Structure formats: structure tokens, C-alpha cells
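Each position in the sequence shown, counted from 1, maps to that position plus 1114 in this note's numbering.
Accuracy of the hints is not assured; some may be wrong.
As a list, the in silico DMTMM-like pairs of lysine to aspartate or glutamate whose alpha-carbon atoms are at most 25 Å apart [stated by the list, open to error]:
no., residue 1, residue 2
1, Lys1565, Glu1459
2, Lys1339, Glu1350
3, Lys1313, Glu1116
4, Lys1313, Glu1382
5, Lys1565, Asp1295
6, Lys1339, Asp1409
7, Lys1137, Asp1513
8, Lys1313, Asp1348
9, Lys1194, Glu1569
10, Lys1313, Asp1286
11, Lys1313, Glu1350
If you're looking for bench data, these hints aren't it; they were derived computationally from the structure. Just so it is clear, the structure is predicted and the values come from calculations on it, not from any experiment.
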Amino acid sequence: MENGHGCSLSIAERLAMLKNYQKSWLSLAWSEEQSLTTRRSRVWEIAGGAWGSSTGDASLSFTQLPSVSRGIPFRQWSIKDVGFSIRDFCMDPSQDLLTALELPTSDGGPYILHLLSLSSGTPHPMSRAPSVLYLHSGETVLASSFSIQICGPLVGVLLFFTTRVTELLIHDWYRLQLHMDIGVISHYPKFMDSFAFLKSDLILVCSFVDSDGSNTFQPTLQVFKCTPEDSVRDPEPLCSFGLPSLAEGAEYAQIIIRADPSPAYRPEANTSVPFYTGQSQRLFIISSQIARRQDIASQTFFVPARTFLHHIDQIHVPGTHHFIWERWGPSGCRLLDIRTDGTWESYVYGSRFVHMVGNPGVGLVVLDFNQLTVQRFASRNLLRDSSRAQAGKYGVVLDSCTAHKDANLFQDDVTTSLPHVVSSRFFGPGQEGSHAVAAMIAEDGVIIVDKGGQEIRHHQILVF
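Please model the complete structure; the sequences and the hints are all you need to start from.
Shown next as C-alpha cells:
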């Protein structure tokens, strides 16, 4: 955790609040419950403790998620008309930033990324006029979907085309300047699935690469350095991280990277929160779909940012460096048989990951990969029995190895050992949450996602 900069509380008062906050999360003892009613929307986003969703072609509504532990009130506001049809958007409440994407107005024209104030919908004052980025793609067909992420002065837009081509554009939204354009040639016929900011100047990209010229494309986690001096097209990666080799007849079909918040996240200067999640605690969720002869298997890698950064810090000579799985994975991450939700994707915040167990969802499970928390538990000799981790016990430490021995999935046994803490809470029949379809996590709470009707959903916020 990091100290909040606008808080007038003493160190002792902050420490007491922090201990209570951490204890509440470990025991999943939330302070209160609030309802959140939303309409079914075409696009939505959770970032920086706020939920945003479209309410029309050009309108958006927002909810500030509350916190009892950090003194953040529940608040709602809306932007009624931005003046164009919103195809996608991303937000960063800490910078009062809303980036809203408009499709090209003519064939072959640029995509238009509007840089707006999140609170008012007007042009953002920190961006150069006209507070608009024109995204010039190398493809002539229209992109079918997008992924937008913000990290301080940088905004990344990943464009997916129906031709199975992708393109990643990184811009400085302060100066309206292109920094990096990772093209599509080296990724075809496989493609980039996703990206995330590893540090303020490092980008983690999942690409399928033919590394030996055999026309066999394997997924690789590539790290690119984003420098402000010149815009670069198709830069060479700084390094790459390999994944476990698969058995004959199996192949990685899709890999999605998720992490929140961004490494540049800081609370707004005018807030008085006593503490907030620091970048050293960030956890990367790397969800893989593996196609084999008869079905699709889901395997999820849980990788702290420090695992990647530890190996990157060892690079001292120019050139692209490759870290094979056996070098970084077994002790630096945890591989689990967990299927992440492709719709409700806000399942990670800081070092915590949330998911529901049962069908329909009847149990809430939080995994915490904060190694300081693990060490505190270990020093107190608390329960460390993995067989009881899903049985309603709070704060179970899992520090034994996990071995995957499916011969139809992996070429060799895959063993990982990164310790973590499991907390769980089960809902009885008829209780709130017993019919949830998913769970999402923010810094100060868990959102129990309601299945809902055709138009309205009544979600439940578990507030810490």
C-alpha cells in the first residue's frame, strides 16, 4: 500500500485503518451492501473505483463505487451527449480522463479518440487542442472491436479486424503524439490477443510468433519499451517470456492479459484517502484457452508484476532476450484450472483476483498474491491446508506446489509454486448472491453481477 497524499490523519491512525481494511478483505467481512441498478449497455468499464456504461449512442452514466474503510461516498453522474456515437471508451478517474472512440467518418479515414473530462464531458484541459487523437491504421477494412488502456500520459488502442489482423497504437494524449505502432505483419496468421502496461514505459503484449521460421506460431509474452523520443513502427521487443509447451494435438487458441490499476495510477490530488494500492502489488491475470481434440480447456496464469520486472532488470546488453518457461514460470507464478469470465472482465485489482464457484454462482472466492500477506500468515502458523481452501475457511495459505499432469494438455508436467492466500464466503439458498452470474473486484469492494432481465440488472456491491 502507498500513503495517500491529501490525508491529514496521523501515521498511527492510517495504520489502524489499514489493518482493519486488510483484515476485512482476508475474512471477506464487508462493512455494508449497496445495490447498483444498471441498464443493459453496449459498452461499459470499471476503472479507478468507478463504473461507467453507455446509456445511448452518445450518452454515458457513471457511478463512484463507495468505501467505508477509506471514506469514499457513493456518487452518480452522467454525460448526456458527447456529440458523436461512442463505439468504445476508457476512463481514468485519477486524471479526470474519459477517452471516447468514434469510428471513421469516411472510408479509409482515421479512428477518432476524443479526450474528454470525465466529470463534465468537455475537452480535457491537460491535452493540447483540439483534444482529439486521430488513429491512422494500416488496414483499410473497419475494425470490429477495440481494447483501450490508459497509463499516465499514454493511451493504447488495440484494434481487431475481421481479417484476423490486429494493430496496437500507443499515443501521448497530452501532446497528441504517436509513440509506437506495433504492426500486423509478424503476427499473421495468428494475432495479438491483448496488451497491458507493465510499467509506465513498458508494455506487455501477447503475440503468436513464428520464432524459428517453421510456420509454427507459438504464443509469447513480449515486452516493448515505449520511449518518448520518436514514434516507432514494428519495434523490436526488449524481451519475451515463453509459456509451457503443449501436447501434440493441443494449441493455444486465445490468451488474454488483465491487470488493474495501471502502473501510473495515483488518487486524485484533491482526495483524502489514507492509502491506496501501489504498483508493486499489481498482479497480471493471463487467461488461456487451449483447444485440444475434443474440447476447450481453460488455464489461468497468475503472475505478479515483480516476476517480469525481476528478469527484465537482469538485461544489461542490447538485443531481444527470451526467457524460457522453465526459467521464470515455476517459481514466479501460479497456474490454476480457473476459467475467467470473458464478459465480466474486471476480476483483478492490485494483488487480488475474484471468482464465483458453483453453477449458478453460490460461492465467492478471493485469491490474494500479496507476498507480504503470505509471509504474515506463515509467521503466525495459520491454516495451510489446500483441501479446505474452498470450504468457507478464511485466509487459507496455499504454499504447496500445483502440478498439472494432463498428458492431453501439456507436453510435460507443469509445476508452479507461487504462494497465495485464499478467502471464501458462501451464500445460502435464497441469499443475495446465490443467483449471481459473476463477480468483479475493485479497490474497495466486490460487485456481485446480477443475471437481470432484458433491460435492467440489479447488482450488489459488497463494500469494504
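Here is what the structure says about each hint:
no.	hint	in the structure
1	Lys1565 to Glu1459	holds, 15 Å
2	Lys1339 to Glu1350	holds, 9 Å
3	Lys1313 to Glu1116	holds, 17 Å
4	Lys1313 to Glu1382	holds, 20 Å
5	Lys1565 to Asp1295	violated, 39 Å
6	Lys1339 to Asp1409	violated, 37 Å
7	Lys1137 to Asp1513	holds, 20 Å
8	Lys1313 to Asp1348	holds, 20 Å
9	Lys1194 to Glu1569	holds, 19 Å
10	Lys1313 to Asp1286	holds, 15 Å
11	Lys1313 to Glu1350	holds, 18 Å
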